[in-house]
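Trainee: Turn these sequences into a full structure, and let the hints guide you.
Single-letter residue listing:
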Amino acid sequence: MTEQSLSPETKIVVIGAGHAGGSIAGFLRQFGFPGTITLVGDEPIAPYHRPPLSKAWLKGEADAASLALRPASFYEEQKVALRLSQSATAIDRAAKTVTLSDGAVLSYDVLVIATGARARRLPIPGADLAGVLELRNAEDAEKLKQAIGPGKRLAVVGGGYVGLEVAASARALGAEAVVIEREARVLARVACAELSNFFQTYHGGKGVGFELNAGVEGFVGADGKITGVRLSDGRVIACDAAVVGIGAIPNDEIAGAAGLSLDAGILVDADARTSDPAIFAIGDVTRRPLSHYQRVHRLESVPNALEQAKQAASAIMGRPRPAPEVPWFWSDQYDLKLQIAGIPFDADRIVIRGDRGAAKFAVFHLKGDRIVAVEAVNAPPEFMAGKLFIGNAKPVDIEKLGNDSVSMKEVAA
Amino acid sequence: MAKITYIEHNGTPHEVEVKAGLSVMEGAVKNNIPGIDGDCGGACACATCHVYVDAAWRDKVGTAEDLEKSMLEFAENVEENSRLSCQIVVSDALDGLVVRMPESQH
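The listed protein sequences derive, respectively, from chains A and B. Position 195 (the first sequence) corresponds to 195 in our numbering; numbering is contiguous. Position 101 (the second sequence) corresponds to 514 in our numbering; numbering is contiguous.
Treat each hint with caution, since some may be false.
Ranges of calculated distance between the beta carbons of each label pair, as one might list FRET restraints [to be verified]:
{"id": "1", "chain 1": "B", "residue 1": "494", "chain 2": "A", "residue 2": "61", "range": "29 to 39 Å"}
{"id": "2", "chain 1": "A", "residue 1": "32", "chain 2": "B", "residue 2": "517", "range": "28 to 38 Å"}
{"id": "3", "chain 1": "B", "residue 1": "472", "chain 2": "A", "residue 2": "391", "range": "26 to 36 Å"}
{"id": "4", "chain 1": "B", "residue 1": "492", "chain 2": "A", "residue 2": "105", "range": "44 to 54 Å"}
{"id": "5", "chain 1": "B", "residue 1": "504", "chain 2": "A", "residue 2": "59", "range": "17 to 27 Å"}
{"id": "6", "chain 1": "B", "residue 1": "516", "chain 2": "A", "residue 2": "261", "range": "35 to 45 Å"}
{"id": "7", "chain 1": "B", "residue 1": "493", "chain 2": "A", "residue 2": "320", "range": "25 to 35 Å"}
{"id": "8", "chain 1": "B", "residue 1": "516", "chain 2": "A", "residue 2": "393", "range": "14 to 24 Å"}
{"id": "9", "chain 1": "A", "residue 1": "71", "chain 2": "B", "residue 2": "505", "range": "16 to 26 Å"}
I should point out that these hints are in silico values taken from the structure, not numbers from a laboratory. Only a predicted model underlies this, so the values are computations on that prediction, with no experimental measurement involved. Glycine is no exception: its CB is placed at the ideal position from the N, C-alpha and C atoms.
Mentor: Right, here's the structure in full:
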């Protein structure tokens with residue numbers, strides 16, 4: 001589709017009203033899209049920020065209005081039709097239509113799939129007990145909020161970022177928290193050992209308990225409600241609620257059923273276009289090229305959702321492709337601000353700057369003399385400079401990088 | 414409420430009313446103003462809400478705190494009047510504020 005062929009009659013349907021879906025509607029209007037936009041979402045509320053669900057929102061520091069991506073008036077003013085509490089059930093690529101769960105059939109000229117990912121579940125006994133929770137959306141967060149408070153004990157199954165953020169929030173609310181992790185360290189899939197150790201020690205100092213190398217056999221309960229988590233060594237960790245955070249699965253089934261190319265996620269190109277030129281896919285559901293690393297990858301992050309929303313909106317509107325961005329992530333736990341840029345693919349060494357004891361340091365991952373990732377704790381200059389180095393693929397002076405008396409400004413000069 | 418004028422890099426102005434208590438970044442995002450992305454939602458983690466504060470308003474807006482300063486140090490096209498708009502809280506005293514956007518936020 002080229003800009004010349006866009007008219008007020010052109011129809012764009014976006015399925016999935018998360019950060020990606022909500023953002024592309026805004027970008028399309030910013031770029032002057034003249035046609036109709038319909039945003040279909042399976043939750044009852046308009047797009048909102050998910051990252052605060054495990055943090056500020058859980059602690060009662062954010063309300064629904066501050067969580068909302070845009071105010072309600074936005075959808076009216078920008079002429080974005082919301083179809084909420086509806087999921088898309090089928091795509092007919094030949095007829096260019098999408099069928100919704102209420103039976104409605106929407107025709108499209110351009111379809112955008114932004115269906116996100118869902119929480120991976122544990123297929124073990126007791127998983128259906130009340131109080132066995134997950135955290136992907138506002139409804140999950142509300143249930144979790146009810147379950148944690150002074151005197152309550154929360155079991156966190158999975159020591160990833162979501163699990164650790166929830167544990168930190170639980171402690172802030174006066175609840176006990178114990179993290180149960182299958183691997184020998186927390187953040188095993190997503191961070192280096194140095195960072196894992198730091199976070200575990202820090203959480204330990206805040207009173208979080210850990211069960212590492214611990215398999216989960218099942219949830220035990222009474223009267224239909226959870227009372228504990230049974231580990232594979234037979235012990236039962238007593239709790240009032242458990243939150244399972246063991247990763248996410250892309251909601252790519254509808255795309256697969258329509259014959260689009262998949263690889264554990266919808267395969268897209270650098271314009272976020274799928275194997276069907278009339279269909280784009282953006283956000284957590286995609287497997288996308290990472291130009292800084294010459295490979296394809298599935299990213300679960302807000303910056304990724306925004307970048308791909310911009311790519312797709314640009315391609316639809318015939319605008320130049322935006323410059324590729326370095327993937328980045330953030331997490332807030334207690335008074336720790338963790339910022340990560342890049343992904344440590346093929347890294348062959350690490351360089352640490354700063355003081356772990358003072359909770360202000362950064363771990364740089366290098367491949368030869370190039371920085372490929374940086375994990376920065378309360379160290380914004382290291383994060384920002386590291387992100388620039390990754391973006392430019394510029395060699396770094398490793399000696400200076402490892403020398404705390406040389407400022408990051410000088411390292412980057 | 415404060416009236417804020419956001420001026421895109423290409424000169425296009427957007428004049429909107431922003432509720433007191435919101436940040437200048439939130440005012441832009443909620444009104445779908447191009448050029449301020451606010452990727453991190455206001456956590457001062459990304460520097461994608463960089464603006465230049467109009468000279469007449471610099472004193473009223475105030476200066477950046479350390480965290481913001483260190484983020485700005487490595488942002489592109491930083492000037493003396495650069496701020497991260499997620500860190501500027503709107504109040505009635507900022508009624509009439511004018512901010513301009515850099516060429517790019519990345």
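Trainee: Lying within 44 to 54 Å: is that true of the beta-carbon distance residue 492 (chain B) to residue 105 (chain A)?
Mentor: At 53 Å between Cβs, range holds.
Trainee: Could you tell me whether the CB distance from residue 516 (chain B) to residue 393 (chain A) stays inside 14 to 24 Å?
Mentor: holds (22 Å)
Trainee: Starting from the hint 26 to 36 Å, judge whether the C-beta atoms of residue 472 (chain B) and residue 391 (chain A) obey it.
Mentor: Holds, at about 35 Å.
Trainee: CB of residue 504 (chain B) to CB of residue 59 (chain A), is that within 17 to 27 Å?
Mentor: Given about 25 Å between the Cβ atoms, the range holds.
Trainee: For the range 29 to 39 Å, tell me whether the beta carbons of residue 494 (chain B) and residue 61 (chain A) fit it or not.
Mentor: holds (31 Å)
Trainee: Could you check the hint for me, namely that residue 32 (chain A) and residue 517 (chain B) are 28 to 38 Å apart, CB to CB?
Mentor: violated (19 Å)
Trainee: At the C-beta level, are residue 71 (chain A) and residue 505 (chain B) separated by a distance inside 16 to 26 Å?
Mentor: holds (20 Å)
Trainee: Could you see if the CB distance from residue 516 (chain B) to residue 261 (chain A) stays within 35 to 45 Å?
Mentor: At 36 Å between Cβs, range holds.
Trainee: Do the beta carbons of residue 493 (chain B) and residue 320 (chain A) sit within 25 to 35 Å of each other?
Mentor: Since residue 493 (chain B) and residue 320 (chain A) have Cβ atoms about 31 Å apart, the given range 25 to 35 Å holds.
In the structure shown, a violation is registered for the earlier hint numbered 2 alone.
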